[in-house]
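As you go down the protein sequences, you meet chains C and L in turn. Sequential numbering of the first sequence, starting at 7, is according to this note's numbering. Sequential numbering of the second sequence, starting at 7, is according to this note's numbering.
FYI, nobody ran anything at the bench for these hints, they're computed from the structure. Check each hint, because a few of them may be wrong.
The list makes no distinction among identical chains, and a pair is therefore deemed to hold if it is satisfied within one copy or across any two copies.
Derived pair list, reagent style DSBU-like, types lysine-lysine, alpha-carbon separation capped at 35 angstroms [claimed, not checked]:
no.: 1; residue 1: 161; residue 2: 310
no.: 2; residue 1: 316; residue 2: 57
no.: 3; residue 1: 304; residue 2: 57
no.: 4; residue 1: 393; residue 2: 231
no.: 5; residue 1: 57; residue 2: 393
no.: 6; residue 1: 304; residue 2: 27
no.: 7; residue 1: 29; residue 2: 295
no.: 8; residue 1: 295; residue 2: 56
no.: 9; residue 1: 295; residue 2: 55
no.: 10; residue 1: 26; residue 2: 61
no.: 11; residue 1: 61; residue 2: 316
Here the structure is a predicted model, which is why all the values come from computation and not from measurement.
Protein chains: 2
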Amino acid sequence: MAFAIEINQDVENIPYSDRKKIKAVADKRGDLVDLMSGNPDMEMPAFIKKKLKEKIDSVPMRYTDYYGLPELRRRLSDRIRTDSGILIDPQEELLITHGVQEALYSVMRTILRRGDEVLIPTPHYANYLLNTLACGAKPVFIPLEEKNGFIPRIKVLKEHLTPRTRMLIFSNPNNPLGIVWPDSTVEELARFSRTNNLIVLVDEIYREFAQPEPPISIASIPGMKERTFIFRGFSKTYFMMGLRVGYVIGPASVMHHVRQLHYILLLCPSTLGQFGALAALDCPEEEIKPLHWEFRKKLQFLFKGIMEIKGVTCVPPNGTFYLFPNFSHFGMSSLDLSLKLIEEAGVATLPGTEFGSAGEGYLRLSVCAKMGQIEEGVRRLQKFAEKYS
Amino acid sequence: MAFAIEINQDVENIPYSDRKKIKAVADKRGDLVDLMSGNPDMEMPAFIKKKLKEKIDSVPMRYTDYYGLPELRRRLSDRIRTDSGILIDPQEELLITHGVQEALYSVMRTILRRGDEVLIPTPHYANYLLNTLACGAKPVFIPLEEKNGFIPRIKVLKEHLTPRTRMLIFSNPNNPLGIVWPDSTVEELARFSRTNNLIVLVDEIYREFAQPEPPISIASIPGMKERTFIFRGFSKTYFMMGLRVGYVIGPASVMHHVRQLHYILLLCPSTLGQFGALAALDCPEEEIKPLHWEFRKKLQFLFKGIMEIKGVTCVPPNGTFYLFPNFSHFGMSSLDLSLKLIEEAGVATLPGTEFGSAGEGYLRLSVCAKMGQIEEGVRRLQKFAEKYS
Numbered sequence: 007m008a009f010a011i012e013i014n015q016d017v018e019n020i021p022y023s024d025r026k027k028i029k030a031v032a033d034k035r036g037d038l039v040d041l042m043s044g045n046p047d048m049e050m051p052a053f054i055k056k057k058l059k060e061k062i063d064s065v066p067m068r069y070t071d072y073y074g075l076p077e078l079r080r081r082l083s084d085r086i087r088t089d090s091g092i093l094i095d096p097q098e099e100l101l102i103t104h105g106v107q108e109a110l111y112s113v114m115r116t117i118l119r120r121g122d123e124v125l126i127p128t129p130h131y132a133n134y135l136l137n138t139l140a141c142g143a144k145p146v147f148i149p150l151e152e153k154n155g156f157i158p159r160i161k162v163l164k165e166h167l168t169p170r171t172r173m174l175i176f177s178n179p180n181n182p183l184g185i186v187w188p189d190s191t192v193e194e195l196a197r198f199s200r201t202n203n204l205i206v207l208v209d210e211i212y213r214e215f216a217q218p219e220p221p222i223s224i225a226s227i228p229g230m231k232e233r234t235f236i237f238r239g240f241s242k243t244y245f246m247m248g249l250r251v252g253y254v255i256g257p258a259s260v261m262h263h264v265r266q267l268h269y270i271l272l273l274c275p276s277t278l279g280q281f282g283a284l285a286a287l288d289c290p291e292e293e294i295k296p297l298h299w300e301f302r303k304k305l306q307f308l309f310k311g312i313m314e315i316k317g318v319t320c321v322p323p324n325g326t327f328y329l330f331p332n333f334s335h336f337g338m339s340s341l342d343l344s345l346k347l348i349e350e351a352g353v354a355t356l357p358g359t360e361f362g363s364a365g366e367g368y369l370r371l372s373v374c375a376k377m378g379q380i381e382e383g384v385r386r387l388q389k390f391a392e393k394y395s
Numbered sequence: 007m008a009f010a011i012e013i014n015q016d017v018e019n020i021p022y023s024d025r026k027k028i029k030a031v032a033d034k035r036g037d038l039v040d041l042m043s044g045n046p047d048m049e050m051p052a053f054i055k056k057k058l059k060e061k062i063d064s065v066p067m068r069y070t071d072y073y074g075l076p077e078l079r080r081r082l083s084d085r086i087r088t089d090s091g092i093l094i095d096p097q098e099e100l101l102i103t104h105g106v107q108e109a110l111y112s113v114m115r116t117i118l119r120r121g122d123e124v125l126i127p128t129p130h131y132a133n134y135l136l137n138t139l140a141c142g143a144k145p146v147f148i149p150l151e152e153k154n155g156f157i158p159r160i161k162v163l164k165e166h167l168t169p170r171t172r173m174l175i176f177s178n179p180n181n182p183l184g185i186v187w188p189d190s191t192v193e194e195l196a197r198f199s200r201t202n203n204l205i206v207l208v209d210e211i212y213r214e215f216a217q218p219e220p221p222i223s224i225a226s227i228p229g230m231k232e233r234t235f236i237f238r239g240f241s242k243t244y245f246m247m248g249l250r251v252g253y254v255i256g257p258a259s260v261m262h263h264v265r266q267l268h269y270i271l272l273l274c275p276s277t278l279g280q281f282g283a284l285a286a287l288d289c290p291e292e293e294i295k296p297l298h299w300e301f302r303k304k305l306q307f308l309f310k311g312i313m314e315i316k317g318v319t320c321v322p323p324n325g326t327f328y329l330f331p332n333f334s335h336f337g338m339s340s341l342d343l344s345l346k347l348i349e350e351a352g353v354a355t356l357p358g359t360e361f362g363s364a365g366e367g368y369l370r371l372s373v374c375a376k377m378g379q380i381e382e383g384v385r386r387l388q389k390f391a392e393k394y395s
């Protein structure tokens, strides 16, 4: 008999998603339009490329400070003071991470104890759930409703409170919903969190894509900094996903432990990635803004095209790379519809259920492909819809 | 009263080392010779630099496959078949990681359950202990003795077995000891692990620095592949520490879960780092071998210089960047001696106790600095010794 190795129960409980099933079907079709991926097909700005190449030529590629280059931490603490009015100590309250992904894991694993309950407004970014499960904590889903524009209602949050409720996690702008929660909602959430003694994790990775401008950061509201962790990164804003640089800001007493966990996970973040991040902070606006405008244009185009399909509804997007339209009219499960769209229409999308069961009936469409591809995707979706209506 | 956030007990239990204390003292002295760092002051080979710059210019820096570029996994599975006679499936049994650091965490966290016991021959690389504690498991130290050349004795291992013993972890070549365990010892360890149903983790990051040639990989011994995880990386061999690329090879049934934990930790390894790894695999031998020879020369020089100090003993090094000489003759604790060496002699070293209490009386010296610095370091150490003898 083969030697059998038992798995830690918490790790065994981390589910795999349907994305593999979808990719397997997608790989069989050649001429697919990709409205599925959150992985932009864009090159980095020339300014960042140039700076990276200079570093490769001029310095040994050594480990950096475990917690990130001191200069990068200093620059980022300046930036959050300027753009969000939040004053922090770059040594004690900010950590450079391997993207927001590592930051989420390190913070959640540091804080959560077995049986703690985590409030997750849903549909949600899948990792909020996966990290909760990996910690042996309990996810408590707060359903968001299209009829309310996917804005959370405090009444519903209150109904889900128990003595074990410890944390609230959300993204703003929201992936997968493609929307920004208004500042008044953020203020309500702050009051709710303070009243109920909750820790707040806010994922602001899509901050720079919010329209007309970035939302208030919940940590800037009085009484919130001491209970809030802010997650930001370079991947989306500067199209440097593969360089893997993010950061997290949080209260010093907790960050002390997050740093040590981060050290045993990574030793240090990528040195070249951090050089890229420093370059990004110096990148001229005129190299970045046009790229962001292109994404907004693609998003509005896709939204308009989708709204022309009979029976489809969608909350207008004003942030991120995504749309989250309601296709329940087609009478199929999201997964079936998504697979059918690949096979019959040649369009890859993600079923809404990749973002929790509250996403049933929805699809997540992205605009990471080039404009021509998105135009073709809209044509194919409209043609498919005609056949099935 | 400030809002207080409780910490997960396992994470709270991860200790910080004395390294910070040492760095604080070191930062006060300007003209220090660094015999402390495992972070070589060497540039990457020109071939790798060139390939990296070409990639920066020619491809978007997108996320890769979560588990690593398929081509890189294929190339590494070819390599381990050729250099160690181990046949693996690159999809199911190999994962690209953020250095060996992430690989160790992901594997240990996937396997270990609360109360499991981990056999750690000591002195040991500190993370074997930190990861064990971070999993709520119990470290069981197996003392290695200078008088036996720091070779483990099966008799001692047996004495530490209990019904909860589950894992054995070691590095070969050994950091911090600077030595390679002979193949006969590796074979004994294999027999011991099979007989007692243990999982084996072997850290082979310094493999290419072993003299005269790399040791046998324990996974290549019959009956071992199904219970062994091999950790290797690019950081040391190619002087690309800051690119953060390693890999782990292990049984498919466990790697299935390691991959999913890895995904929630990282999303994917650095894209640019992986391009660097692919370039490294194609790097001409004549660009790499001279660098390795330089390290061997520096190590032998340092060893010879240390042996001239009266009362100091040292097992001759034959792998890694390190020496682990016995300075107990000076009648100081390792930490005190290390601090005194910084302040009085201007030489930074690490106390042996950074690698467990079995390191008391020893120092770890490294050869990551340039040859001229190492010569100066030897002079300063000899002068210091004269004063104290």
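Right, here's what the structure says about each hint:
Taking the shortest alpha-carbon separations for residue 161 and residue 310, only the intra-copy value of 33 angstroms comes in at or below 35 angstroms, while the best inter-copy value is 75 angstroms. In the homo-oligomer, the alpha carbons of residue 316 and residue 57 never lie at most 35 angstroms apart, since the shortest distance is 49 angstroms inside one protomer and 51 angstroms across protomers. For the identical chains of this complex, residue 304 and residue 57 are neighbours both inside a copy (29 angstroms) and across copies (33 angstroms), given an alpha-carbon limit of 35 angstroms. Taking identical chains as interchangeable, the C-alpha atoms of residue 393 and residue 231 are never at most 35 angstroms apart, the minima being 53 angstroms within one chain and 54 angstroms between chains.
Proximity of residue 57 to residue 393 under the C-alpha cut-off of 35 angstroms is found in neither arrangement, the shortest distances being 51 angstroms within a copy and 49 angstroms between copies. In the homo-oligomer, the alpha carbons of residue 304 and residue 27 lie at most 35 angstroms apart inside one protomer (27 angstroms), although the nearest pairing across protomers, at 53 angstroms, exceeds that limit. In this assembly of identical chains, residue 29 and residue 295 lie within 35 angstroms of each other by CA distance solely inside one copy; the values are 32 angstroms within and 42 angstroms between copies. For a Cα distance limit of 35 angstroms, the shortest separation of residue 295 from residue 56 qualifies both inside one copy, at 18 angstroms, and across copies, at 30 angstroms.
In this assembly of identical chains, the alpha carbons of residue 295 and residue 55 lie at most 35 angstroms apart whether taken from the same copy (17 angstroms) or from different copies (30 angstroms). Taking the shortest Cα distances, residue 26 and residue 61 sit within 35 angstroms of each other only across copies (28 angstroms), while inside one copy they are farther apart (37 angstroms). Taking the shortest alpha-carbon separations for residue 61 and residue 316, neither the intra-copy value of 53 angstroms nor the inter-copy value of 45 angstroms comes in at or below 35 angstroms.
Taken one by one, the earlier hints fail for this structure at numbers 2, 4, 5 and 11, listed in ascending order.
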